[in-house]
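Each chain is listed here by its residues.
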Amino acid sequence: MSGGKYMADGKNQSLFREKPIKVLLAKPGIDGHDRGVLVLAKAFRDAGMEVLYVGLLPTPEDVVDTAINEDVDVIALSLLNGAHLTVFRKVMDIMKNKGIDDISVVGGGTIPDEDKPELEALGISGNYGPGTPLSTIIEHVRMRAEEARIKKLR
Amino acid sequence: MPENDTFWKNKLMELEKRNSKPEGDKTAKWRKTTLQKWNSATGYEEKEYSNSSSIPIKDIYTDDILPENMDELLGLPGEYPFTRGVYPNMYRGKLWTMRMFSGFGSPEDTNRRLKYLISHGETGLSVAFDMPTLYAYDADNVRSQGEIGKCGVNVTSLKDMEVIFDGINLSEVTTSMTINAPAAILTAMYFAIAQKEGHDLRNIGGTVQADILKEYIAQKEWIYPPEGHIRIIRDMMSYCTKNAPKWNYISISGYHIREAGSSAVQELAFTLADGFYYVDMGIKEGLDVNEFAPRLSFFFNSSINFFEEIAKMRAARRIWATVLKEKFHATSQKAMTLRFHTQTSGYSLTWQQPLNNIIRTTIEAMAAILGGTQSLHTNSYDEAWALPSEEAVKVALRTQQILAEETGIIDTIDPLGGSYYIEYLTSKMEEEAYRYFEKIESLGGILEAVKKGYIQREIAATSYRRQKRLEDEKEIMVGVNKYVDPDEKPINILRIGKDAEEIQLKRIKEVKVGRDQDKVNDALAKLDEAFRNPDENVMPYIIEAVKTYATIEEISDVGRKIYGGWKEPVIV
Amino acid sequence: MTNIGDLVEGVVRSDRRSIARAISYMEDGHTEIKKEIMEKLYSHCGKAHVVGITGPPGIGKSTLIGNISVLLAQKGMNVSVLAVDASSPYSGGSLLGNRIRMQENLFNYGIYMRSLANRGARGGLSVSCMGAVNVLDASGSEIILIETVGAGQADLDIMNLADTTILVLGPGLGDQIQAIKAGIMEIADLFVINKMDIDGSYFAMKDIEEVISMDDPRGFRRRVTGTSATDHAGYDELVNTILDHGRYISGEGIIGRKRFLMGARWILESEIGRIIIDPAMDIIKKKGTDKNPYVLAENIISQLNAGVLKEL
Chain A
1 MSGGKYMADG
11 KNQSLFREKP
21 IKVLLAKPGI
31 DGHDRGVLVL
41 AKAFRDAGME
51 VLYVGLLPTP
61 EDVVDTAINE
71 DVDVIALSLL
81 NGAHLTVFRK
91 VMDIMKNKGI
101 DDISVVGGGT
111 IPDEDKPELE
121 ALGISGNYGP
131 GTPLSTIIEH
141 VRMRAEEARI
151 KKLR
Chain B
1 MPENDTFWKN
11 KLMELEKRNS
21 KPEGDKTAKW
31 RKTTLQKWNS
41 ATGYEEKEYS
51 NSSSIPIKDI
61 YTDDILPENM
71 DELLGLPGEY
81 PFTRGVYPNM
91 YRGKLWTMRM
101 FSGFGSPEDT
111 NRRLKYLISH
121 GETGLSVAFD
131 MPTLYAYDAD
141 NVRSQGEIGK
151 CGVNVTSLKD
161 MEVIFDGINL
171 SEVTTSMTIN
181 APAAILTAMY
191 FAIAQKEGHD
201 LRNIGGTVQA
211 DILKEYIAQK
221 EWIYPPEGHI
231 RIIRDMMSYC
241 TKNAPKWNYI
251 SISGYHIREA
261 GSSAVQELAF
271 TLADGFYYVD
281 MGIKEGLDVN
291 EFAPRLSFFF
301 NSSINFFEEI
311 AKMRAARRIW
321 ATVLKEKFHA
331 TSQKAMTLRF
341 HTQTSGYSLT
351 WQQPLNNIIR
361 TTIEAMAAIL
371 GGTQSLHTNS
381 YDEAWALPSE
391 EAVKVALRTQ
401 QILAEETGII
411 DTIDPLGGSY
421 YIEYLTSKME
431 EEAYRYFEKI
441 ESLGGILEAV
451 KKGYIQREIA
461 ATSYRRQKRL
471 EDEKEIMVGV
481 NKYVDPDEKP
491 INILRIGKDA
501 EEIQLKRIKE
511 VKVGRDQDKV
521 NDALAKLDEA
531 FRNPDENVMP
541 YIIEAVKTYA
551 TIEEISDVGR
561 KIYGGWKEPV
571 IV
Chain C
1 MTNIGDLVEG
11 VVRSDRRSIA
21 RAISYMEDGH
31 TEIKKEIMEK
41 LYSHCGKAHV
51 VGITGPPGIG
61 KSTLIGNISV
71 LLAQKGMNVS
81 VLAVDASSPY
91 SGGSLLGNRI
101 RMQENLFNYG
111 IYMRSLANRG
121 ARGGLSVSCM
131 GAVNVLDASG
141 SEIILIETVG
151 AGQADLDIMN
161 LADTTILVLG
171 PGLGDQIQAI
181 KAGIMEIADL
191 FVINKMDIDG
201 SYFAMKDIEE
211 VISMDDPRGF
221 RRRVTGTSAT
231 DHAGYDELVN
241 TILDHGRYIS
251 GEGIIGRKRF
261 LMGARWILES
271 EIGRIIIDPA
281 MDIIKKKGTD
291 KNPYVLAENI
301 ISQLNAGVLK
311 EL
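Here the protein sequences come in this chain order: A, B and C.
Letter 10 of the first sequence, counting from 1, is numbered 10 in this note's numbering, and no numbers are missing.
Letter 202 of the second sequence, counting from 1, is numbered 202 in this note's numbering, and no numbers are missing.
Letter 265 of the third sequence, counting from 1, is numbered 265 in this note's numbering, and no numbers are missing.
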């Protein structure tokens, strides 16, 4: 690559000395509302993260498989169809069965406040609704990525 | 759109010229003297204004920049090019239809809600479906777990439709069903009930959305690759034209394109481009454009930038009339009129301070009325959270009734017609839409542009740009990035329990036990044969299949075997 | 999983999590960790046929790889895919979009795929890639397909570790050859003209055939294959051509040769840097700008010249 504000040839490689956060964005249900995830994909990239978006209609199994193969730090789940309790739980169950505890899981979508404790208990944090500032979400993903990194180093 | 390649280019050039008239001496003088003096005396600093379509907004619009042929561009209500409205007397003759979207939970829940709305004076029914139904998965498919009844009502077999419309006379109502990929199946179910109850299909009125192009663009609820769906739409088009002339088999929808994050002008351009595709398809099928074009109706979004929305709707009518006449050679006035349903914007609503949503919806509803809509759905204030509660739906319906009966907004036709700003903006939106038509043409038409992901990427770029503007507070959403209320409490919302799922699982079990499996297999085999013969119309076979209580997934699987699934191009 | 022994053992067992984690170390780990893993893995390496696929962005490399990886898997081969995406030069972030273009096939055939961001690297990427290839080789992959971004020096470096280099082009070659790094035409073993259903592809085929007709007649005869995603044309031929080339280099005994040399060079360069250049620079840094830097460096070299290289 040439040009670029920070990466003129051979210069300032220090930007990359710290591993970028790797995040998998996924909508593991029957849900085509992708405005939010498409915005987040770009926002995460612009926050310096390496972003995988697996497209629409992956099964919970596909999501966990992708997360393992790509060795991501964070899985960010999104659903706007009201099925978050059922479907997010499926993802967590699969992770548990495979013994994966060094990938953090965050959630978002149309999630009522009263569902949040249940999701938190499953290990899914954030659970942000529409209108949440991108900066809040990015900060949260960074924090959860940090946790995953520490677990990976055990 | 292969023939007359230069049509879009020529139109675009004409509009560019039309919209580039300079300000006259009088305005220039005013700028130099009165305005400048005032600005320097008050220390005003120049700021840039623009709307969702990134069209720069000037501080003042004057008559000097308006097109020379204003009269011709406006026409009068009910006359070409219909800028001022599609009917001669507009709302004096007939108010818009107040059509409230409903459908949630179990078919029983929806049946109750429909009857409730009828008793409160609603003039047309509208049904929304849940995600499994929209993607044609049965209630007992493992992928449907947790999704049943959540975003609308679940329909797995004809049995469910029978419950939804129980006690409702199908000859007396019109029903709009928000269904796309499996639209032919739901239409078949509706027709099957009507026939069973002894109604003549010629008297059955209603609408299915069935706009598959916008699914690939925005809503992303598909079953097959475009070819499969387009085949089915073609068959529905010709079946309904012959047998159910009051059935609107397609509602060309910009609503979802806008909700997916597009600008107003993108909504306008992409929706009309979809419409032109269907017109072209009908003509290629050998249908007479004057006969089928009047059955095509539109569905637009009305968002929060008041004047931009009004201009969009006026521009839409003018573009449609012009293109139908000049490019597709329609001769009947009816074929050139663009009639549309409007829904207020869900995207503009906030979960923060939800009562503010009533105000937003009111303003958006006003824009739709001033834009000349034929029917209107007003969102409920709790829709940013979940499906609306009964109380919230009532407020939303009352909003329309207040606008219609208290405000005087309907007393005269197109009251903003002739406003310098509105007329300029209408013409400018039109120009920007033609710019997209020209680009789409250069990519090989709308279907190619969608397959290449161009349209989807344009929308995603706009959506991201807007989100960043909100972050930077260049755009304001009250309660979200300004006037934030720190001690907010959640509001009462309608929750869909597990009941719907249990009811649906139980019913599909009973249906599968109770039906004659040989008849089901036979009907599906015949449908398979029909699909494989491109000269056959699949509609009668789908109707026969639903009557045997074959499920939505079983019927769709016939096509899935032939056409396969669809993977969209990479958008980001 | 910081115990390198366990990690390597997991890789050899073909455990997906171990493979994935080992590749992460190759991407991000400290040089010492990379070296340790690569040293321990090496005895399990050397079987894989590494195929590098390059070509200008947007030419359809991902779809092509998705399709040929299935054909290879159907022949009973253990296939894996590495796909490199470009990083944003502004934020350093990346949208790893290649995966979505081919993932459906991957799930169905159990093919391991890993996305790597190029991170604007010059050289660094090729080391990560080499490491990832070694991990996959040790895990039992028989054929490893690498997709590159399609532009720049890093691409050429990655091609230097492939046993077979494929250049994918389309109709209208001129601009594409301008866009890709010069030199790739020379090192490519096979050519593909993708999008054969589009006008101009026939002439593109002819152009390439003309280029390769001037090749030295000894050795492997380079070939060009036409493919099309619309009607799945040409994939079988391409797969057979790839396997042919694999057999040819196996026969010549040069499979894995480039990786062998690249591995040695990597250690030499990083170690010489650490042992010699870093301390030498420390000495030079103490001098003022009144001194001539060229003479200072020459003086250090003449001090080192006391030692002489011997055969191993």
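Simulated from the structure, these hints should not be mistaken for laboratory data.
Treat the hints loosely; a few may be bogus.
To be verified - One-sided and incomplete, this derived list gives chain B residues near chain A with beta-carbon spacing under 8 Å:
hint	residue
1	Y87
2	M131
3	Y135
4	E147
5	A260
6	T350
7	W351
8	D411
9	T412
10	P415
11	S463
12	Q467
13	V511
14	V572
As the list claims (entries may be wrong) - Lysine-lysine pairs mimicking BS3-like chemistry, simulated, CA-CA at most 30 Å apart:
hint	chain 1	residue 1	chain 2	residue 2
15	B	K452	C	K291
16	B	K159	B	K452
17	A	K90	B	K512
18	A	K96	B	K498
The beta-carbon is built from N, C-alpha and C at its ideal position, and this holds for glycine as well.
Verification of the hints:
1. Violation of the interface hint for Y87 of chain B is found here, the shortest Cβ-Cβ separation to chain A being roughly 35 Å, above the 8 Å cut-off.
2. Annotation: interface hint on M131 of chain B holds; nearest CB of chain A at approximately 4 Å, less than 8 Å.
3. Contact between Y135 of chain B and chain A, as hinted, is supported at the beta carbon level, the nearest pair being about 5 Å apart and thus within 8 Å.
4. The beta carbon of E147 of chain B comes within 4 Å of a beta carbon in chain A, closer than 8 Å, and the hint placing it at the interface holds.
5. Satisfaction of the interface hint for A260 of chain B is found here, the shortest Cβ-Cβ separation to chain A being roughly 5 Å, below the 8 Å cut-off.
6. Interface restraint check for T350 of chain B: the shortest CB-CB distance to chain A comes to about 5 Å, inside 8 Å, so the restraint holds.
7. Because the beta carbon of W351 of chain B sits about 5 Å from the nearest beta carbon in chain A, less than 8 Å, this interface hint is met.
8. Residue-level restraint check for D411 of chain B is violated (minimum Cβ-Cβ distance to chain A is 37 Å; threshold 8 Å).
9. Hint status for T412 of chain B relative to chain A: violated, with the closest Cβ pair at about 38 Å, above 8 Å.
10. With its C-beta approaching chain A no nearer than about 34 Å, P415 of chain B sits outside the 8 Å limit, and its interface hint is violated.
11. A distance limit of 8 Å between C-beta atoms decides the matter here; for S463 of chain B the minimum to chain A is near 6 Å, and the interface restraint holds.
12. Below 8 Å, beta-carbon pairs count as interface contacts, and Q467 of chain B has one with chain A at about 5 Å; its hint therefore holds.
13. Annotation: V511 of chain B was flagged as interfacial toward chain A, and the flag is violated, the nearest CB pair being 21 Å apart, outside 8 Å.
14. Annotation: interface hint on V572 of chain B holds; nearest CB of chain A at approximately 5 Å, less than 8 Å.
15. In summary, the hint linking K452 of chain B to K291 of chain C is not supported, as the alpha carbons are separated by about 60 Å, beyond the 30 Å threshold.
16. Under the criterion of a C-alpha separation no larger than 30 Å, the hint pairing K159 of chain B with K452 of chain B is inconsistent with the structure, at around 40 Å.
17. With a C-alpha separation of about 27 Å, the suggested pair K90 of chain A and K512 of chain B falls inside the 30 Å cut-off, and the hint holds.
18. Proximity of K96 of chain A to K498 of chain B is assessed by CA-CA distance (about 25 Å); at most 30 Å being required, the pair is judged to hold.
The structure fails to meet hints 1, 8, 9, 10, 13, 15 and 16 from the earlier list, while all remaining hints are met.
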